[in-house]
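Given only the sequences and the hints, what does the whole structure look like? Please build it.
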Amino acid sequence: MDTDTNQTVTYQSDERFAYASTHKALAVGVLLQKKSIEDLNQRVLYTREDLVNYNPITEKYVDSGMTLKELADASLRYSDNTAQNLILKQLGGPSEFKKSLREVGDTVTNPERFEPELNEVPPGDVRDTSTPKALATSLQAFTLGDVLSTEKRDLLIDWMKRNTTGDNLIRAGVPGGWEVADKTGSGSYGTRNDIAIIWPPNKKPIVLAILSNHDKEDAKYDDKLIAEATKIVLDALKVTNK
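In terms of numbering that gives the first Met the number 0, the sequence shown is residues 0 to 241.
What the hints contain is simulated information worked out from the structure, not anything from laboratory work.
Please read all numbers here as calculations on a predicted model, not as lab measurements.
Mixed in with the good hints, there may be bad ones.
[Claimed, not checked] Each computed PhoX-like pair below joins lysine-lysine, with the alpha-carbon atoms no more than 25 Å apart: (1) K237 to K202; (2) K151 to K203; (3) K202 to K151; (4) K202 to K230; (5) K215 to K202; (6) K203 to K219; (7) K151 to K98; (8) K97 to K151; (9) K132 to K97; (10) K34 to K68; (11) K59 to K132; (12) K33 to K68; (13) K98 to K68; (14) K237 to K215; (15) K33 to K151; (16) K219 to K202; (17) K230 to K219; (18) K59 to K98; (19) K88 to K98; (20) K68 to K132; (21) K237 to K132; (22) K98 to K34; (23) K223 to K237; (24) K203 to K160; (25) K33 to K160; (26) K97 to K68; (27) K160 to K223; (28) K88 to K151; (29) K97 to K33; (30) K59 to K97; (31) K151 to K34; (32) K132 to K223; (33) K215 to K160; (34) K202 to K160; (35) K88 to K33.
[Claimed, not checked] Restraint-style ranges between C-beta atoms, simulated for each label pair: (36) R101 to D124: 13 to 23 Å; (37) G92 to L50: 11 to 21 Å; (38) S148 to G91: 35 to 45 Å; (39) G92 to D145: 21 to 31 Å; (40) K33 to D124: 24 to 34 Å.
Even for Gly, the Cβ is constructed at its ideal location relative to N, Cα and C.
Structure, rendered in structure tokens:
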């Protein structure tokens, strides 16, 4: 979706995929919607029992806890699953997260579970799934729309620009010098996703959601596929460095 020309490029844009960790961008968006900037300094305490399968940041701060702002940073930039679970609990759990998404117009994204169970989505299961179109539209609402104040939008975009997990995905498919704010995801059945806002030089941003999977549960995911799909989309949109 090119916000400069309003042109869109779609392929299976209404097909459901496991959203995996891409939902963290939307969850932090909802958190920012519900909390004041001052509230983000609230400290959340947790125990070692709260840690799940991937906790690169939260495992370091079990004794002291972390602020909501620190949890959002850990969730978005490092895809820390415990941080995301603690944020989901702040929202009232998956059902309240879903309700908040409905309020911003997303009737498709279907939160049901916490990490890491939400990454296990067999074919035909609609739990913890969304579509490329719905994720792109919701990401646009939180980062470029008027759901959040300018200060909160800037905070969300800054975290996503400094993401550490996406170098081989959409970022690898854009020309050098372009800015990218993204959130990656991976799961069973070779699920590999990336949703992003892309800023070509001197142009309005592009909103892009690429979701992929395979038929076999233990299939390996394919980073190069996401990077190549990005190049195809940008070529179709005729967006260049000029």
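| Given the hinted pair K237 and K202, is their alpha-carbon gap at most 25 Å? | With Cα atoms ~12 Å apart, K237 and K202 stay inside 25 Å; holds.
| said: Need the status of pair K59, K132: alpha-carbon distance at most 25 Å? | reply: Violated: K59 and K132 sit about 37 Å apart, past 25 Å.
| Taken at face value, is the distance from the CA of K68 to the CA of K34 at most 25 Å? | Measuring from Cα to Cα gives roughly 11 Å; hence the hint holds.
| task | Look at the Cβ atoms of G92 and D145 and judge whether their distance stays inside 21 to 31 Å. | result | holds, 27 Å
| Given the hint that K132 pairs with K97, does the C-alpha gap stay at or below 25 Å? | Holds - the C-alpha atoms of K97 and K132 are around 17 Å apart, at most 25 Å.
| message | Next pair to validate is K151 with K34; report whether the Cα-Cα distance is within 25 Å. | response | holds, 10 Å
| Is K203 close enough to K160, meaning Cα to Cα at most 25 Å? | With a Cα-Cα distance of about 16 Å, the restraint between K203 and K160 holds, given a limit of 25 Å.
| field | D124 and K33 - C-beta distance against the hinted 24 to 34 Å | value | Given a distance of about 28 Å, which is inside 24 to 34 Å, the answer is holds.
| said: Can you confirm whether the C-alpha distance between K132 and K223 stays at or below 25 Å? | reply: At roughly 21 Å apart (the allowed maximum being 25 Å), K223 and K132 satisfy the hint.
| field | K88 paired with K98 [C-alpha distance capped at 25 Å] | value | holds, 14 Å
| request: Take the C-alpha atoms of K151 and K203, compute the straight-line distance between them, and say whether it is at most 25 Å. | output: Within the cut-off at roughly 19 Å; holds.
| Distance restraint between K33 and K68, which requires alpha-carbon spacing of 25 Å or less | holds, 13 Å
When held up to the earlier numbered hints, the structure conflicts with 5, 6, 11, 14, 16, 18, 20, 30, 33 and 38 and fits the remainder.
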